[in-house]
Amino acid sequence: MMEPAGAGSLLPRAFLRIGGRTLARHQLGLALDMECQRIVCIAREVGPELIALQHEAERAGAQFHVISEIRGLAGLVTANDELLVVSEGLLVARQVALKLLEGSHAVLVQPAETGVAAGFERIDLNYAAAGLMRIPGRFAEGLFELPADCNVPSALTRIALQAGIAMREVPLASREGAHWRMIRDEAEAQAVERDWIRLHIAETRASSPSSWLARMGVLTFGPSLLHARNGGQLASRAAVAAIVFALGAGWLGLIVTGFLLCAIAAVLRQAARMLRSVEGDGGVHAPPWSGLVAVLGCVLDLVLILLILWSASFTPWETVPERAFAPVLLLLLVRLVPRVSDRAWTDWVKDRALLSVVLAIVAGTGTIQESVQVLTVLLALGGILIPGRK
3 MMEPAGAGSL LPRAFLRIGG RTLARHQLGL ALDMECQRIV CIAREVGPEL
53 IALQHEAERA GAQFHVISEI RGLAGLVTAN DELLVVSEGL LVARQVALKL
103 LEGSHAVLVQ PAETGVAAGF ERIDLNYAAA GLMRIPGRFA EGLFELPADC
153 NVPSALTRIA LQAGIAMREV PLASREGAHW RMIRDEAEAQ AVERDWIRLH
203 IAETRASSPS SWLARMGVLT FGPSLLHARN GGQLASRAAV AAIVFALGAG
253 WLGLIVTGFL LCAIAAVLRQ AARMLRSVEG DGGVHAPPWS GLVAVLGCVL
303 DLVLILLILW SASFTPWETV PERAFAPVLL LLLVRLVPRV SDRAWTDWVK
353 DRALLSVVLA IVAGTGTIQE SVQVLTVLLA LGGILIPGRK
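Just so we're aligned, residue 3 is where the sequence shown starts under this note's numbering, counting upward by one.
Mixed in with the good hints there might be a few duds.
As the list claims (entries may be wrong) - Calculated pairs, DMTMM-like style, for lysine to aspartate or glutamate (alpha carbon to alpha carbon, straight line, at most 25 Å):
#, residue 1, residue 2
1, Lys352, Asp303
2, Lys101, Glu171
3, Lys101, Glu178
4, Lys101, Asp83
5, Lys352, Glu320
6, Lys101, Glu147
7, Lys101, Glu84
8, Lys101, Asp151
9, Lys101, Glu123
10, Lys101, Asp197
11, Lys101, Asp35
Claimed, not checked - The calculated label-pair distances, taken between Cβ atoms and stated as ranges, are:
#, residue 1, residue 2, range
12, Ala346, Arg140, 53 to 59 Å
13, Arg341, Gly8, 46 to 52 Å
14, Glu171, Ala243, 27 to 33 Å
15, Gly8, Gly74, 25 to 31 Å
16, Cys300, Pro138, 47 to 53 Å
17, Ala296, Arg345, 34 to 40 Å
Just so you know, these hints were derived from the structure itself, not from any lab. The structure displayed is predicted, hence computed values, not measured ones. For every residue, glycine included, the Cβ atom is placed at its ideal position computed from N, Cα and C.
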């Protein structure tokens with residue numbers, strides 16, 4: 003935490019934010035995934051960001067130390083230890099780094115022609131450092147022979163290579179996009195942020211209307227929400243509010259409005275899940291509100307059942323279980339069919355926003371009771387007749 007974030011900046015590179023988390027928090031997450039027991043930060047001064055980082059590390063069970071020069075390493079690193087050395091400003095996708103670091107000691111490198119231009123230090127004619135290495139702890143002793151203000155990652159890289167530690171090249175695919183970047187100033191942090199968000203929501207396929215809408219919303223508004231440090235929580239609360247308003251609208255007889263509010267809640271819930279994925283990667287623990295996202299799915303299904311019951315016309319002699327049978331079965335099938343079939347069409351089946359819009363349309367035409375029965379039969383037939391998982 004010695005390098006400034008650009009010329010004239012007092013902010014260290016380590017405290018630039020990507021996806022609502024500082025680079026130091028991203029690197030701490032990697033260190034803890036590597037099961038590091040002691041975290042050592044080299045910093046000129048201890049400020050609020052560094053104290054927050056210390057609390058995060060200690061909550062995860064690691065010791066945290068701050069030193070201002072290399073002599074502070076004495077007593078913190080022994081010959082029997084292993085060192086995970088991360089260069090300041092490095093932003094790396096955790097799973098990519100973990101895969102490259104597993105096994106034996108290695109200094110990660112990349113071709114010099116692209117690495118130097120991207121801000122990494124040249125090692126020799128052909129290679130540049132990749133900002134990350136796993137080496138024996140005994141190499142730290144070599145630092146004490148160097149000037150106190152030397153660049154520790156750079157010095158350890160050369161000590162390790164001179165001692166015969168193998169170089170391991172980072173594959174091209176692992177260096178593309180936001181997988182592996184050196185962030186040097188605020189402009190670079192802002193430029194990579196959308197790619198970083200896109201990387202972490204890549205597993206969420208935009209294969210249904212609600213996931214597509216949520217994805218577009220997160221890519222558009224995600225950076226500002228994440229920098230507010232509560233983007234996922236805000237989306238979850240908005241989903242809760244939409245569900246509450248849907249209940250109120252249904253109670254007042256505004257059934258179509260209630261279904262449309264449920265559609266909005268479903269999209270907001272999807273967005274909250276995506277934001278949680280981004281926020282969770284930069285932190286050690288899952289966000290405290292993350293359990294709410296899972297509960298919202300069940301609550302939304304219950305509200306849809308209530309709206310169907312309130313909008314349908316029943317004979318006086320029908321009991322509550324008889325009235326609820328078709329809507330309950332419909333929502334159960336909506337949950338069951340995607341679990342037994344991995345076909346692309348099941349993404350549309352479990353799309354609550356799409357289901358809510360369909361129910362709003364049939365409620366507006368006064369045919370919701372018959373439509374629910376037809377949808378239930380179609381889902382059951384689809385689950386039976388269309389081949390599922392092999």
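Cross-check of the supplied hints:
1. Straight-line distance between C-alpha atoms of lysine 352 and aspartate 303 comes to about 11 Å, which keeps the hinted pair within the 25 Å bound.
2. Our distance criterion of 25 Å between C-alpha atoms is met by lysine 101 and glutamate 171, whose separation comes to about 12 Å.
3. Using a Cα cut-off of 25 Å, the hinted pair lysine 101 and glutamate 178 holds, with the two alpha carbons roughly 16 Å apart.
4. For a cut-off of 25 Å, the pair hint linking lysine 101 to aspartate 83 stands: about 20 Å separates their Cα positions.
5. Between the alpha carbons of lysine 352 and glutamate 320 the distance comes to roughly 29 Å, so the proposed pair goes past 25 Å and is violated.
6. This hinted pair does not check out: lysine 101 and glutamate 147 have alpha carbons roughly 33 Å apart, beyond 25 Å.
7. Of the supplied pair hints, the one linking lysine 101 and glutamate 84 holds, its CA atoms being roughly 17 Å apart against a limit of 25 Å.
8. For the hint pairing lysine 101 with aspartate 151, the CA-to-CA distance comes to about 32 Å; that exceeds 25 Å, so the pair is violated.
9. Of the supplied pair hints, the one linking lysine 101 and glutamate 123 holds, its CA atoms being roughly 22 Å apart against a limit of 25 Å.
10. Using a Cα cut-off of 25 Å, the hinted pair lysine 101 and aspartate 197 holds, with the two alpha carbons roughly 21 Å apart.
11. Restraint check for lysine 101 and aspartate 35: satisfied, since their Cα atoms lie roughly 11 Å apart, inside the 25 Å limit.
12. A hinted range of 53 to 59 Å holds for the C-beta pair alanine 346 and arginine 140, which are about 55 Å apart.
13. Range check, arginine 341 to glycine 8: Cβ separation about 50 Å, and the 46 to 52 Å hint holds.
14. At roughly 50 Å, the beta carbons of glutamate 171 and alanine 243 sit outside the given window of 27 to 33 Å.
15. Range check, glycine 8 to glycine 74: Cβ separation about 27 Å, and the 25 to 31 Å hint holds.
16. A beta carbon spacing of about 51 Å between cysteine 300 and proline 138 agrees with the range 47 to 53 Å that was offered as a hint.
17. One distance hint, 34 to 40 Å for the beta-carbon pair alanine 296 and arginine 345, is violated here, with the actual separation near 24 Å.
Checked against the numbered hints above, the structure violates hints 5, 6, 8, 14 and 17; every other hint is satisfied.
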